[in-house]
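Chain A is fixed; fit chain B onto it per the hints.
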Amino acid sequence: MKSVKYVVTLYILHFKQTSFFRLSFLMKLLSRMSHVLFYWVLFEIIYRNVQSIGSWSKAQVFMLLGTMGIVLNLSGSLMKNGAGGISGRVRYGYMDILFSRPLPGPVLLTFSTPDIVQLFSLILPMYLFIHGCRLSSIPCIINLVFWGIGVLLSIIIYILFNLLIGMVALKTVQFSSAFWVLEDLYQMGRFPADIFPIIFRYIFLTLIPVLTISNLPVLVLIKGPVYLLPLMGITVFFVCPNGILYPILRKSYQGVGTVR
Amino acid sequence: MKKYLEAMRCEFKFHLNYRLNLFFGVSYHPIILLVYYFLWTFIYRAGGSIGDYSLGGMLTYYLITGLLGMFVPIFAYYTMTENIKKGDLIFFLTRPLDFLGYYYFAILTGCLIWSMSAIIVSLPFILWWRNILIFPCINGMLKGLIFTIIAFNMALTLGFILNLLTFFIGDPFGISGFYDFLISLLGGWVLPLDVLPGFIQYLPFKYLYYIPARAFMNYPISLTKELLNAMLWLVFFFAVIRFMWIMGIKKYEAFGG
Chain A
1 MKSVKYVVTL YILHFKQTSF FRLSFLMKLL SRMSHVLFYW VLFEIIYRNV QSIGSWSKAQ
61 VFMLLGTMGI VLNLSGSLMK NGAGGISGRV RYGYMDILFS RPLPGPVLLT FSTPDIVQLF
121 SLILPMYLFI HGCRLSSIPC IINLVFWGIG VLLSIIIYIL FNLLIGMVAL KTVQFSSAFW
181 VLEDLYQMGR FPADIFPIIF RYIFLTLIPV LTISNLPVLV LIKGPVYLLP LMGITVFFVC
241 PNGILYPILR KSYQGVGTVR
Chain B
261 MKKYLEAMRC EFKFHLNYRL NLFFGVSYHP IILLVYYFLW TFIYRAGGSI GDYSLGGMLT
321 YYLITGLLGM FVPIFAYYTM TENIKKGDLI FFLTRPLDFL GYYYFAILTG CLIWSMSAII
381 VSLPFILWWR NILIFPCING MLKGLIFTII AFNMALTLGF ILNLLTFFIG DPFGISGFYD
441 FLISLLGGWV LPLDVLPGFI QYLPFKYLYY IPARAFMNYP ISLTKELLNA MLWLVFFFAV
501 IRFMWIMGIK KYEAFGG
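Heads up: the protein sequence lines correspond to chains A and B, in order. In this text, residue positions in the first sequence follow my numbering: the first is 1, and each later residue adds one. In this text, residue positions in the second sequence follow my numbering: the first is 261, and each later residue adds one.
So here's chain A without its partners, still in its complex pose (with noise of 0.2 Å):
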């Protein structure tokens, strides 16, 4: 309870701190949907050319690009550069003070960094769900709830694997370029995975989860919710790496520069 507190906390804060920048927030808005916008682009005019790609219509693309962005504009908006910057702050030593602060570390590792206009960013996206929904049919609520599910335990996917990724800093300390490679493979998963040959979608499906944080919950939606049990799956295959590394790399970290 006291985790959720001081995530709302900080979430409360920085919409203070960003609103006194409007401009900045206004631009950096437009640039945050332009992701979800060349994918568009890209799909619209593939579309125009071609009635499919493998079972994917058009409708189910737009869907699975609504899904991603979703995906990552609201894992972005709770942790923007949490576990991507831990690099950072080990080289630093501010390690130091999230770990004196009595609440859980893996929890201000993740939320210590809320970024405001990631969420306000969700409107390109889940307007392009909305549309993909449209120029299908109406998927039924209870698939749509599902599907909520389904984005839920999306998020949670994601920030356990970038958290995976970046405790590793806690041992080696330089670290961030794994961030700059894994931004680009979160690319992947703007396309259907029926494109990818049947060994890139295992990898990208299981042990590096870039797939199945898009295509599962689209799938959910198109299907049925007996595509939430890999995610549930994989959820938990993530939960428990974190719980046993954490404790030991915590331990192996160790502090530079002075104490304040």
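The reader is advised that the hints may include incorrect statements.
Claimed, not checked - Pairs of lysine-lysine residues, derived as DSSO-like cross-links and limited to a Cα-Cα distance of at most 27 Å, are as follows:
1. A:K16 - B:K346
2. B:K345 - B:K263
3. A:K16 - B:K263
It should be emphasised that the hints constitute simulated quantities derived from the structure, not laboratory data. Since the model is a prediction, treat every value here as computed from it, not as a measurement.
Quick look at chain B alone, frame taken from chain A:
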């Protein structure tokens, strides 16, 4: 000229200090190439096609535009904005070193190193797709190189304009994502421009990716017309930079000590 060569040498050393980062930094290129390979192979095998491009044509196009993406500096360097914002611009103004000239050569060096890294990580793809890629003939290679030089200068002038906006509106990099999207779309990085609405071809952005890529691919382009057009746009952008610089310096007030 000697001082600008020194700037290039410093930039070269700076980049080579972080060699691994250099390769991680170009990671987007092989990842997106792989995705596009799967996407377009899937579409073409299913009988689809885009414009008059074959599968090989499409892959060649994305390979070239990907490499150009590493070479054309559409943002120039963010440090230009920082220098203006933090008042460090006075160090340039009080020394016999031109601010824009210094960054021109520093960025050129950075871009050469980035594109070399991108070429190295592209080599496996070139070998893998060697049977379907369209390789340039000598004529195409020459045309492509000329348009690549133009693309570099055009991108740099746009990047300079973006950074010089700092004089007037504060930090313009908030809009960088949208600017990147516009340049990518209008320049032909998202898709070849001939499959997009025709009016885009009248804009100068096609010289960033689309025209150089077509030149390398030996696709027909009107050399004289395009060269003349590109030069006129470059002169226009240089004039805008000059105007912004004069106006910016007039109203510029450094602070600090």
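Verification of the supplied hints:
Our distance criterion of 27 Å between C-alpha atoms is met by A:K16 and B:K346, whose separation comes to about 25 Å. As the CA atoms of B:K345 and B:K263 are separated by approximately 24 Å, the hinted pair is consistent with the 27 Å bound. Among the hinted pairs, A:K16 with B:K263 is inconsistent with the structure: their alpha-carbon atoms are about 47 Å apart, more than 27 Å.
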